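Residue numbers (our numbering), protein chains in the order written: chain E, 13 to 330; chain Z, 3 to 448.
Honestly, the hints are just simulated from the structure, not real lab data.
Since we're looking at a predicted model, the values are computed, not measured.
Certain hints may be false.
Claimed, not checked - Straight-line distance between alpha carbons at most 27 Å, and here's what the computed DSS-like set of lysine-lysine pairs gives: (1) E:K192 x Z:K415; (2) Z:K184 x E:K269; (3) Z:K415 x E:K137; (4) E:K189 x Z:K7.
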Amino acid sequence: MSSSQYIDFSVRQNKAIERVLLFDGLRRLMHYHKENNYVYVGLGSVWFIDFDMAHRELGIETMISIESDEVLFRRAQFNKPYRTIEVMHGKSHDVLPELIKSRDDILSRPWVVWLDYDEVLNETKLDELSALVSSLPGNSFLLTTFCAAGHRYARPSERIDRFQELFGDAFPVERFKAAKDLKDEPKMMAALGDAVIGYLKAKSVEIARPGGFIPAFNLQYQDGTPMATTGGVLPDVDFVDAVRDEVNKADWLCLAKRPIITPPLTAKEVASLRSLLPNPSLLSRNDVRELGFDLMEDQIASFVEHYLRYPSFVQAVR
Amino acid sequence: MATHKAKANPTKAFFVRMLTRDISLDDCILDLVDNSIDAAWKLSGARPTALQSDSSLKDYKIDITISEDTFSVSDNCGGISFDDAAKYAFTFGRRDEQARGDYSVGVYGIGMKRAVFKLGRQIRISSTYRVDNYLQGFFVPIDVKRWLEAGDEAWDFEIEDVLPEDEPGVSILVTDLLDEVKEKFSDPTYERRLRRMLARDYMIPLMRGLQINVNSEPVSGWKLELRQNENFAPMRTKYEDERVNVEIVAGMGSPPPDDREPDEEKGLDISGWYVLCNGRIVLAADTTALTGWGASLPRWHKQYSGFVGVVFFSSENPELLPMTTTKRSVDVSSRVYQRALARMHEPARAWINYTNARKQNIETVKELEKQVVTKEVSEVIPRAELKVPEVARPATRERMANVNYSVPLNRMKALAAGFGNSRMSYREVGLESFDYAYQELADEDS
Ligand SMILES: Nc1ncnc2c1ncn2[C@@H]1O[C@H](COP(=O)(O)OP(=O)(O)O)[C@@H](O)[C@H]1O
Ligand SMILES: [Mg+2]
């Protein structure tokens, strides 16, 4: 919630790619209910990037941003880009239940809730998500972004215990039989993503929510710290099949198998890489060397996968 | 006076809809696994008559797969012979002439049928079995809807020939799952829960080498361990009662807890009684009146945590065992069980007394509870009584102050980690931080 204080947004290219994927996915699923008057709820900070996209790309007008920090709250009110954004003061786990209890005006409409934390998940946050699974209106979307770096949860010897304590059976312990598995960063990111998906799904089954929870988003990315974005739809019963079909399509990109790990690139590098794309064969490290510079194999693969979403902002001179 | 007859025939619907109501999906799956394990014991010649660890079932394997649209279980434990299938296996209820006396857990002849009806509407039960030195196969397809529609006169299922598999065994496939089953299987935590349940309930056959896989991932058996040192020793006795062998082991599974808050309790508490019948757990970590708590013993209290007891009943004739038809509880009206209960109370009492005395002198007993070695229940040495130390009340008249406060959980955990142990109890964190602050701010010596 306080990322504005220490992150230079201009170089978070993978975050930007994640956002594009996410909003593409949301648009695809929302088009089934064009008549729906969605409500967007997020943690807009002072930048409101996701709010800008929610309004521009999804056409959402009613938007609510939650901010707990006193100063940032004032700055958020000053910075909010559209008239219809309401900034609320408090922690989301306190504000959201209040909203759901008191705001009949928006409860008859589906919500898109994106809790884009920069922090690790903990009991409080999982409680918050699980309360949303049981209380959000039908056809709502629930998304969360969190830190997926194992070392931020517990020291190595206690890490798996901590994950089991936090997620219960939703954490895929069986993938971590050897000590080296703990060090496998992509594996850990994927496991945490799956744990949250499992946690939300289990919650929906436990309360027998009609329509249930359908996982639709499971992305990992890394601009320095490993991060994961997970979530899905809480469809009404008559929307279930359509959602299932959509997210099972081959071109549904929000349930990704590989993390997004493009490197920060200069405009010149981006332009020369793009000049080789699209390309039916994979770009190799040699191809890049022939262009006159160098990148790691997995960085190249990630760029090739996302080159159309790679942001074109210019690297700031420091 | 003319005699009339009241029609009393059972209906198929009774078996499909009614009988499946009183049993959970989990217990139905276990019923199928029970059948495989019964067959494995029989074929191997080994018997579930003692708490022991060896490799007598190492050649036997049970594979379970669950997904949103199918369930299957298959084993290599010998299969059902054509004759048995034709005469007994598909009958609702055991026929009197079916052989018994085999140390099985199957008694009533209903488990398999009830289980598949609970799961879905398209069923295929296949078997490969040995005749002299070659293998033969058959399968029984059951289309539940069509079978129901065929009316209450036609009960039989078709048996069809099929090529045998590589090994003798049974394989059951259920599709067209019921909605509530689909829903359960779609929950990714279900698969892990099932694995954990199998690990616990089949601790004994797993201890003896049996392999069980759920969606290709092996289940590793639970280890029930007791602790001992010079002050503590578990009890273990064995006796026979009306053709039932009874073995009781009880002791300290873990030291009694410090005062923990309810929300501090980590995961599942393993304390309580475990009741086994022919190697199958029918009651686990029980702390209810079924095992005497709140009946002839005080109600269970978390102060008693750490107590672990195992009662192992085995008999050639499973009808004599004190278990219910769902195999999920004990039959408290069984005389064999009532007599066992009286003996189970002795170690439980000793533990209750110890934990009461312990409160008077925590610091001393903590020393006594240290340096324990853990022993698997199967390795515990016979001993008539549970050994616990005598605890004397400390002599202090110093006035004490009690502290009680709340802080955000996050900060509590962070501070515990800061003290070097994130598993510290809240109480310990409180005491440590008090000592820490005291030394900094109040200690006269510093
Ligand atoms: N996996 C199996 N392997 C060998 N025999 C089996 C298997 N499953 C079922 N059977 C046979 O089918 C019979 C009926 O099973 P069930 O309906 O569960 O009743 P019960 O186990 O009480 O006899 C069993 O007694 C056994 O002879
Ligand atoms: Mg049976």
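Status of each hint after checking the structure:
1. E:K192 x Z:K415: 26 Å, holds
2. Z:K184 x E:K269: Given that 27 Å is the threshold and the Cα spacing comes to 25 Å, the pair holds.
3. Z:K415 x E:K137: Between Z:K415 and E:K137 the Cα gap is close to 15 Å, so the pair holds against 27 Å.
4. E:K189 x Z:K7: Roughly 66 Å between the alpha carbons, so the hint for E:K189 and Z:K7 is violated.
Checked against the numbered hints given earlier, the structure breaks only hint 4 and satisfies all the rest.
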